[in-house]
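Note that numbering that gives the first Met the number 0 has the sequence shown beginning at 0, numbered continuously upward.
Be aware that one or more of the hints could be misleading.
To be verified - The list that follows gives simulated cross-link-like pairs (lysine-lysine, DSS-like), each with its CA atoms no further than 25 Å apart: (1) Lys-332 to Lys-314; (2) Lys-404 to Lys-384; (3) Lys-467 to Lys-386; (4) Lys-386 to Lys-345; (5) Lys-222 to Lys-120.
Hints are computed from structural coordinates only; laboratory data are not their basis.
Computed from a predicted model, the values in this text were never measured in an experiment.
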Amino acid sequence: MFIADPEKLRVSFNEFHNVDISDMPQYGEFCLLELKDGRYTGGKWHPDDYEGKGMAGKFGRGTADTVDINEVSRWHSLERYDLTNCLEDEKINHINLGVEENSNSVNFGDFKSLKEGSFPKREQYCLLILNSGELAAGRWDMWPDKSRGTFIYASALACHSMEEVWAWTALSSDDIFEREEERERERKREEELNRNPTADKDKFKYGTDIDTYYEKALDKLRKEYPWATMQQMKKNPAYVIIPRHGQYIFGRDNGVFMGSRMVAEWTEGSTADEFVDFLCEYNRDNVKNSDPGVKFKYGRDIEVYLDKAYENVKKDYRWVERDMLDGWHYGIKQIDGEWEFVKEYKDDGDLTVLNPESADRFIEYVEDNYERAALNANPVVKEYKVKFGHIEMNGWNLEKYVFSKLKTGDYKVYVQAGDRVTGGGREFFITPDCFKVQSYGEFLDRYLKIVPGSSFGLNKEYLIKDEKLKKFLGFD
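With the hints as constraints, model all of the structure from the sequences given.
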């Protein structure tokens with residue numbers, strides 16, 4: 000480890016290059032940049048012409064964070080230097096990169112050590128000395144708990160970890176940092192306003208304890224649904240009462256993102272009773288679907304439900320076995336006093352609470368899992384890719400339409416579609432009932448009830464003309 004004192008250290012950059020077509024960095028070289036407005040930053044050179052013959056291009060600093068070449072006055076390489084030998088001298092306090100020339104030199108000092116707990120401000124762009132002795136730069140991104148962070152220096156969040164950095168010093172402010180500074184000032188203003196919040200007398204006439212409003216809503220719902228409980232009421236994201244801009248508000252708690260609590264303010268009314276009515280409607284379906292007589296109409300023995308699902312799937316997926324779902328365990332357990340259908344993966348102990356509206360819907364959910372497991376366990380032995388031209392479906396373009404013959408002699412089809420940005424695919428099992436027909440046309444009538452042409456691109460008129468598909472499916 001280096002023994003020089005970073006607080007006493009000064010580094011002089013003496014080998015700047017003017018922006019000139021005959022004297023540019025190598026493609027991908029990381030540089031210290033002097034901007035035309037006098038500020039200093041860093042970045043990795045990405046010319047528009049990958050052969051490096053043109054002047055157009057940008058210096059990348061991170062995802063959606065670049066400096067255009069037109070903003071740069073001159074550049075200085077950071078990659079061509081190793082300070083190791085100098086930093087192994089405890090008396091060192093000045094390092095020259097190249098021959099010192101007063102007219103060309105730029106000095107940086109005020110280096111700090113992360114190990115001493117000296118962190119940059121969030122989004123601050125910094126010059127770095129790495130533990131390898133190399134120079135670098137990056138934008139400080141602090142973790143939500145503010146105990147750690149990284150220096151982001153390229154796209155896809157490429158970064159230098161805290162463990163890689165020996166010392167840092169701040170470079171010039173920029174738009175990203177200034178926006179974060181304004182957000183921090185706003186956070187402090189908001190904190191001050193919320194020290195002594197006020198409450199609208201009509202909206203909060205029952206006080207500022209959210210449970211009071213939930214209890215009033217629960218009492219109203221119980222007139223319709225006698226089995227209603229508070230646990231059922233709180234299956235949706237909970238509503239809370241918090242101060243905002245110095246006044247209490249009702250808001251939906253959407254959890255914590257990047258260290259900040261995300262609360263969406265309720266704006267659908269202006270009185271306490273309107274909010275109670277809103278809570279009734281917001282939670283009505285959860286309460287309605289929790290009727291024990293409907294939800295557990297086959298009792299609380301999970302095996303009864305699993306047996307029904309298995310027998311239903313077995314009718315079409317003849318090869319399905321009970322142990323195909325061994326990775327998933329289903330159960331009926333009490334969670335916070337409420338009986339629930341749950342699942343967990345193997346023995347990791349991480350329960351997921353399911354919320355089906357009925358016993359039959361839970362059985363259908365298990366059936367879906369059995370069907371997917373059965374298809375995954377049945378190898379494909381032969382494929383036929385349907386040929387088609389440009390087919391558009393509600394803005395999506397058909398990309399793949401593939402029939403597969405399985406080891407058991409059954410068939411399935413995979414359909415994929417997408418647009419310029421995204422896409423997706425879906426797999427369908429062609430049930431044996433489709434093949435209990437006298438002709439290929441009758442088969443298509445049944446098949447297209449599973450994979451309708453209006454939804455997935457190919458209709459009967461198109462498929463019936465495909466003689467190769469007809470033969471592939473066994474209709475000679």
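Status of the hints after comparison with the structure:
{"no.": "1", "hint": "Lys-332 to Lys-314", "in the structure": "violated, 30 Å"}
{"no.": "2", "hint": "Lys-404 to Lys-384", "in the structure": "holds, 12 Å"}
{"no.": "3", "hint": "Lys-467 to Lys-386", "in the structure": "holds, 10 Å"}
{"no.": "4", "hint": "Lys-386 to Lys-345", "in the structure": "violated, 42 Å"}
{"no.": "5", "hint": "Lys-222 to Lys-120", "in the structure": "violated, 55 Å"}
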